[in-house]
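Taken in sequence, the protein lines are chains H and F.
Start counting the first sequence at 0; every next residue gets the next number (numbering that gives the first Met the number 0).
Start counting the second sequence at 0; every next residue gets the next number (numbering that gives the first Met the number 0).
These are calculated hints, taken from the structure and not from any lab test.
Quantities reported herein were computed from a predicted structural model and do not represent experimental measurements.
Keep in mind that a hint or two might mislead.
[Claimed, not checked] Derived list of chain F stretches under chain H, where covered just means 3 residues or more per stretch with a C-beta under 8 Å from a C-beta of chain H:
no., stretch
1, 78-87
2, 121-134
3, 147-154
Glycine included, every Cβ here is placed at the ideal spot set by N, Cα and C.
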Amino acid sequence: MTCNFRVILFAFITLLLGACGNNVVPISVGACGASTYPNEPCVTVTVCSPGTSQCTSIPNVLLDTGSYGLRVFSTELTSTLRPETDASGNAVAECASFADGTSEWGQVEVGDITLGGETASSVPIEVVNASYPGIPSDCTNPDTSPSQAGYNGILGVGPSVSDCGTQCTTTPNNRIYFGCSGATCNSEAVAESLQVSNPVSFMPLDNNGVLISLPTVAATGSTGITGTMYLGIGTQGNNTPASTVNVFPADEFGNFTTIFNGATLSESVMDTGSNGLFLPPTASITQCPTNSIADGMYCPSSTMSFTATQVATGSKQVSVSFQILDAQPALSTSDTVFDDLGGAGSAGSFDWGLPFFLGRNVFVAIEGKSSTLGSGPYYAY
Amino acid sequence: MHRTGLTIYAFIGIVLFPSLSFGTLGMREDSVRKDAEAFGSKTEVNVADNYKVYTFSAQGADFKECVSNAGYVFALSWNHALKRPRFDQLLGPHFKAFDENDPATTVNRKAGRTTHVVKTADFEVHAGGHQRSLRGYAVFQKYIPTPGDELRCLQ
Chain H
0 MTCNFRVILF AFITLLLGAC GNNVVPISVG ACGASTYPNE PCVTVTVCSP
50 GTSQCTSIPN VLLDTGSYGL RVFSTELTST LRPETDASGN AVAECASFAD
100 GTSEWGQVEV GDITLGGETA SSVPIEVVNA SYPGIPSDCT NPDTSPSQAG
150 YNGILGVGPS VSDCGTQCTT TPNNRIYFGC SGATCNSEAV AESLQVSNPV
200 SFMPLDNNGV LISLPTVAAT GSTGITGTMY LGIGTQGNNT PASTVNVFPA
250 DEFGNFTTIF NGATLSESVM DTGSNGLFLP PTASITQCPT NSIADGMYCP
300 SSTMSFTATQ VATGSKQVSV SFQILDAQPA LSTSDTVFDD LGGAGSAGSF
350 DWGLPFFLGR NVFVAIEGKS STLGSGPYYA Y
Chain F
0 MHRTGLTIYA FIGIVLFPSL SFGTLGMRED SVRKDAEAFG SKTEVNVADN
50 YKVYTFSAQG ADFKECVSNA GYVFALSWNH ALKRPRFDQL LGPHFKAFDE
100 NDPATTVNRK AGRTTHVVKT ADFEVHAGGH QRSLRGYAVF QKYIPTPGDE
150 LRCLQ
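Next up, chain H with everything else stripped away, as it sits in the complex (with noise of 0.2 Å):
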């Protein structure tokens, strides 16, 4: 009864929300072509090369709130991009390492991103190729395709602009940035302008940040689910902010404060990328046995109920309850989204991931952009 009357609410929600316009991008979780993983949630991005109409609509991109901006596999461009340089002249690559221990090895390359019906120009996209010459030795686990990938490429939409910011600018040894001459490639320093960045924060107009509406699901799972990324805070009739909505502010990492069993984990973040709740190690949740369909996540033997309290505006506390269902016979059904999967994650972190968004709208703003809640970069709901 209960579950049905926020279902009925949700979708109300929606509806006043707005389901057209420039700035709607759809979002299906548990449809992301024919390498899904459970809890993946995926857009649609058109790649063009600047100032043309030599585009490619590219379906099955990863979206993630726990990264910063576009990365397509090689594969999936048919439209030419131009190439970054360096001051020296050399191509400029990228090692973007992921906190799953993979990483995205690439050219970096201009292209003009549209989402939904907006455009942003010229903005630096990392196309991932793990055979680009020159891969750094310490670029571990490079994807290697869209199937062994899961997705097709990344979309990046947290709340900083660029993916490295100021260590990358004035660190040549970031080792994330490489200037790349045949087949030689060094780490270098480069301008904050030329990393790749949230294409978001180059829209004409709904630029400050989006809104993240997911549906709920039932306690045993779904197939699949949709819902929507409206691009920009308050900009439109869509995006507005309810006046209830609680702001939680994050640091220049992105990260928020959370309290769970006792402990101020001020390392959290609220992470359409990461799959599963990643609560901080404890010993009183079975993990899932090593090499089985659920390793990395919580197999207890029978779903567990939690509270935890996030920190908003102010000090203010906002409860939020979850809970943590026996991963491996979940995710050997055809089930493919569940509101309750977790695993152990870092000590210090709450990683809210994307369980956590469903069911509820949630707001990411954008660092430095300000917006009818406030100036980036927060979350809100």
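Chain F: place on chain H using the hints.
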């Protein structure tokens, strides 16, 4: 017995991996200093009941290393990293065991984009976080002074 075993292990590591002999997890206290030097950084020390906590920063990341009163590094963590630390430096002679047990080397996202966990008979490594703020920790179980010290130290 632990010390003898470790000495043999370290000796094997030095012979097989001479360039990796400055690792710290499961190693003696002076390896922390060498670790910091490898990153071009200075350490700060805080003393608790059962252990000492060394902290240092390098390339925008913060490192913490926990040393038991017996003189062994039993836990370490990194935070705010743009790039994951070089595990060959942080794990020293234990890197080979890490590499052999690393599920990411076979890159299979059957469970999705999760925390990267590597478990061996002697230690665990958990790596997570997100872009521009990668974080993680490693614990060498048999050198934990008393159960829970690793969590208290790394908080």
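What are the numbers of the hints that this structure violates, sorted from low to high?
-> Violated hints: none; all satisfied.
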